[in-house]
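Q: As you go down the protein sequences, you meet chains E and W in turn.
Numbering that gives the first Met the number 0 puts the first residue of the first sequence at 0, with every later residue one more than the last.
Numbering that gives the first Met the number 0 puts the first residue of the second sequence at 0, with every later residue one more than the last.
Mixed in with the good hints there might be a few duds.
To be verified - Once the Cα atoms are required to be at most 25 Å apart in a straight line, the calculated PhoX-like pairs of lysine-lysine come out as: (1) Lys255(E) x Lys826(W); (2) Lys826(W) x Lys258(E); (3) Lys889(W) x Lys25(E); (4) Lys889(W) x Lys80(E); (5) Lys80(E) x Lys25(E); (6) Lys258(E) x Lys889(W); (7) Lys22(W) x Lys14(E); (8) Lys746(W) x Lys255(E); (9) Lys80(E) x Lys826(W); (10) Lys22(W) x Lys746(W); (11) Lys14(E) x Lys553(W); (12) Lys888(W) x Lys25(E); (13) Lys888(W) x Lys255(E); (14) Lys553(W) x Lys255(E); (15) Lys826(W) x Lys117(E); (16) Lys826(W) x Lys38(E).
Source of the hints: derived by calculation from the structure; they are not laboratory data.
Bear in mind that the values here come from a model prediction, so they are computed numbers and not experimental data.
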Amino acid sequence: MLFIAPLWLLTSCVKPFDYESVSYEKLIVVDGSVTDVEKPHRVKLQYTYPINQNSIMPIQNATVWVQDGKGNRYPFMESEKGEYLSAPFAGISGESYQLHFTTTDGKVYESSAVTLKKSPPIDSIYNRYAELPSDELHRNEGGLQFFIDTHDDKGEARHFRYEWEDTYLIRVPYPSNFHYYPENNTWEMREEQVGTCYTSSQSTRIILGNMQGKSQNRLAEVPIHFVSQENPTLRNRYTILIRQYSLDENTYNYYKKIKESIESGGSLFDKQQGSIPGNIERTDNPREPVLGYFEVAGITEMRTFFDYTRDLKDKLKKPVFPYYCRDQLILTTNDSVAYYYNQNRTLVVVNDLGMPFEPSMELAPRECADCSYYASTKKPDFWVD
Amino acid sequence: MVLVSSVILAQNLPVVSGQYQNKPTLDVIHDFESQTGYLFYYQLQWFDSLFTTATFQNTPLNEALDIVFQYTPLNYHPDKEQIILTYNVKIITSPEIGRSVSKHPVDGSVEKGLIFEREYLGSAGANKGIEDQVFEIGNRNLMVTGERATLAGYIREKQTGNPIEGAFVFAEGSSASTISDENGFYSLTLPNGKEKVIVQYVSMKATSRRIVLFSSGQLNIDMEEDIIALMEVTINADRDQNVKSTQMGMSKISAKDTRNMPVVLGEKDIMKVATTMPGVQTVGEGASGYNVRGGKSDQNLIQLNGANIYNPAHFFGFFSIFNSDAIDNMEIYKSSVPVQYDSRLSSVFDIQSKKANTEKFVGVGGISPITSKLNLEIPIIKDKAGLMVGGRTTYSNWVLKKVNNANFRENKVSFADFNLRYDHEFNRDNFLTISGYFSKDKFRLPSDTLFSFSEFSFTNANGSVSWNKRFNDKLNGKLSAIGSSYGYNLLYDESEYNAFKQDFGLKEYTLRSDMNFYPSEEHEIQFGLISKYYHINPGHRYPNDASSLIIPQKTEDDFGLENALYISDQYELGPNISIYGGLRYNLFSRIGPGSMYGYTEGSPRNAVSLTDTTTYSPGQFIKSYHGLEPRLSARYSLDDQASIKVGFSRSRQNIHALSNSASLSPTDIWRLSGPHLLPQIADQLSAGYYKNILSKQLEASVEVYYKKVKNLVDFKTGAEFLLNNAVETAILQGPGKSYGVELMVKKSGKLNGWLNYTYARTFIQLDGNYPEEIVNNGLFFPTNYDKPHALNMVANYKFTHRVSMSTNFTFNSGRPVTYPVASYDFKGIQIVHYSDRNAYRIPDYIRMDIGINIEEAHKIEKLAHSYWSFSIYNLLGRQNPYSVFFDIKKGIVNGYQLIIFGTPIPTISYNFRF
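Take these sequences, add in the hints, and give me the full structure.
A: Written out as structure tokens, the structure is:
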């Protein structure tokens, strides 16, 4: 949404549009990559599926291999339907790789040869308070914009794609220490804590950066991810892992077109939509469109942690707990637990204070006491407290 | 002069009241009859071409008649409850009146004329034209031979009665001449006796009147549109013209017409009127650029006083850059474009700004919710030179700050434009016109542009100087020097390391000489020479902060030289046949400095197939294209009220806008033809049938056309034109075709307006050898602006002199859109696959607007005239989608529509004149 005339905003609006796309174009889609990380590499072959019928249509039993510039062949074996894995190997920077596959009906496809470019290390991940317009709120929302800096002294890697994975800590206000069995109105101490959980998400947009037209072989302030203060994400401790893929120019341009196709809608100057061919071609019929890309990339990654209390910014509001929990703690006697539970079956037992003749039972709605049902209680391996 | 009537009246006459504005005098008399009960006696033909403008408030009838018959040969004589009118004869009841009889002997020839009246009155029978009739001016009784008398009156358009400003009035064989003022009024002092008065006006057929001037008197002269000036369909069209000119596919809109149409946000806009003409469309409301007869928006030549305008839009396209107060008129040519215009494939929008009044100071201004404007006409030398200056600016920034919304408060949007025109008449044969135009738009948008730029501005600036010279009655010419420039700047400053500025600039300098030669009544020959120099900076990016990492990046400039020679003849073959033949020779050269890339033969142009670079030195010819552009049209009159016309035209275009969005967007760039970007060439064949019906109240026409285009410019999906040094790798060129039929009915009178229906299709074909070069399997497919059905109705009704109401209704087929045909997963992201470009359509566009103009009462003493305009845009509140787009949320492909003006928008504006 590059050009939004305020005047237009005053009166214009975006509304759902009912459409019926009757045609369906069945094409081969390739999602494959070889990287310089030692692991089994994956090539996914499938057909496009009709709009809103999210049925994966794998291409099975194809013969798939990757060949490098020296003529070495890396066969890929079908592990799941339409997913082909190689034996573990690490691509070598400077080497070129080319994907080949033959379908069961004998059609032969190959990608262009793509050279692996080593990715320079990410220099730093940092953040800054920013306000961005929100589609849902119809106003600007504040939050943290995470950026990276990187540089490549040799000037070999110039085009990059980024992915991120973030994880944040959830602390419920009234961690539940007891498990309640409504069948016989009993409760017992939990073996695992359910008051602290971790939720992860990952990038769903195409994030690109390039050094073309920039001096010093440096990339600075590449915006990677914006975390809104309207979400609970930044309430406690937060971590983000950013993965940098070093691409060649053609691969970069392909991603750029895909990105524009996804993101350009809704302005006065929408880009013309159309088929975006990748680097795969059917050798005996180059006119057949093949979607997707065989990506060859060098990877580096970096992780950073953010604490709301420690890294407090003047402007950043402390995000609120997403559920309403204030004054939701119920203090009652042992024999009233069943009564309250029958009133509200989302209640859980928070604590048994162990005083038989006084109100000593603490109850709270589940979302305020037990995060295990919307997040994972398992601390991830990478988590540093 | 009849100055004695009141003296002779002893009886007390009744009083009359009324307000008459250019009312036929006969109607005034009828009105008096009904008010007073008196009966008038007269002969009908005496009232030919007599009009009255006067206001009476309980005025005694004799005083009223004095005013009505002032400057006419009519006298009146009251007799009881009767009024007897006489023509050039006074009924003398009082002897002292005798002194008004001529004291001098009347000149022989004139006296002869006086005696043998038949000699000059209609001796050749009834069917003689008006130019052969002899008009008696003034009162025969007041004639003083050898003296001079003043002839005055109004020059008007024959059909509409609209005054013609700037008509040149002179007497044959005399040095007396004048120019009509904005009301069409002229006055000329001539020797008494026989005279031939000639009136000329650009785009009007010169006309003459034979007169015998007895004493000062009135003569109104109506002019007809000129066939040679090629068909001007004014809103209250000249109906004869429709049938009689050879020109097809042409419309003329005057600035006044903008008042007769409801407006959006209070801005009168001549370009909005244009889009209600058949075959003229936009992609949607708020889209800049016009699509004429299936042409792309860069295929229109938009000129202001002869200087090209490259971006005619303010506020992206909500308003045109033409301030209607500073504009006089606009002519639109959709086919058989006259050869003197620069070649563009689709159309010419020829806009003329207002010429200053050289007699008195005139100011016009207006206030609307968005803009305020002021236009002044300043006489510099009385009757010789005048200056028109006009300006308009927004106060939208102020409005935006009032909007209590974070999104708007950070925005800044503003525009302004300035018009200037100076006219100087050195003598009858030499005129000088200097004109200038400047417009600027600037906006800053919210920071979702973190990934892009945040401030954008663009500027149109142009100027022209032209010298008109009349060598003799048969030859006149014009020499002009014209400069045009357009450019934009973008600025990004959200991140200091990535801060940059980027600009685009286009400059064009033209020298041209245009000659008109009238060897005989039957021919009008025009010829000329045009030389044009282009310099385009397609893009330059540079750092905007000391710590910015941006390296200055420059796309090489385009230089071009375009020369053209043209000649045309408008030939009246006979009473029924008229032919227009024109030939234009166009030579375009792309010149150095510059570097051109070479590509491997037989592979798609891209970075891989790039083989070599050839560098050219400054001024070196890189590539030339030349060709003839023939234009031919002919008219055959079936009878007085009907004609058929056919035409053929070819045009070649060497400057192209590169755009990868559906409508023109502000960051589009213009590039010149070169080794890889071929000239676009269009051939158009058109035919039409024209008929006036109901005694010319209705003017109807049907036109059909077929257009074939070579090398239509399109682009690969996802193409990037900005800062692309090898722009040819993003471009596709292919053949296009358009055809259509346009039906039009116009009505004049108290209820006036027009109704038109267009069926039109336009297609393009993009076929290559590789998927990136093939769109829709290489078959013809509809373009983005293909809207098969279009219906426009504009109606205007004048209730009284002060109140008029207008409405307009528009229906368009929805424009084509590309729907997703499949989706797929890639790198964990669900992606929509689009194909079959433009296979579907967004919903039809329907809109109705109404407007009311109320003028404040006219009072002579009042300092300023003013009027209020109320309008409601989109009265039906229909939510017409501008565009449709798709988005995947939670695995579902959702369709969305963008609606620009989805609710009725009421506006009030105030305009004044002093």
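Q: Run every hint past the structure and note whether it holds.
A: Going down the list of hints, with the structure as the test:
no.	hint	result
1	Lys255(E) x Lys826(W)	holds, 14 Å
2	Lys826(W) x Lys258(E)	holds, 12 Å
3	Lys889(W) x Lys25(E)	holds, 22 Å
4	Lys889(W) x Lys80(E)	holds, 23 Å
5	Lys80(E) x Lys25(E)	holds, 18 Å
6	Lys258(E) x Lys889(W)	holds, 18 Å
7	Lys22(W) x Lys14(E)	violated, 54 Å
8	Lys746(W) x Lys255(E)	violated, 54 Å
9	Lys80(E) x Lys826(W)	holds, 17 Å
10	Lys22(W) x Lys746(W)	holds, 20 Å
11	Lys14(E) x Lys553(W)	violated, 41 Å
12	Lys888(W) x Lys25(E)	holds, 22 Å
13	Lys888(W) x Lys255(E)	holds, 20 Å
14	Lys553(W) x Lys255(E)	holds, 21 Å
15	Lys826(W) x Lys117(E)	holds, 20 Å
16	Lys826(W) x Lys38(E)	holds, 17 Å
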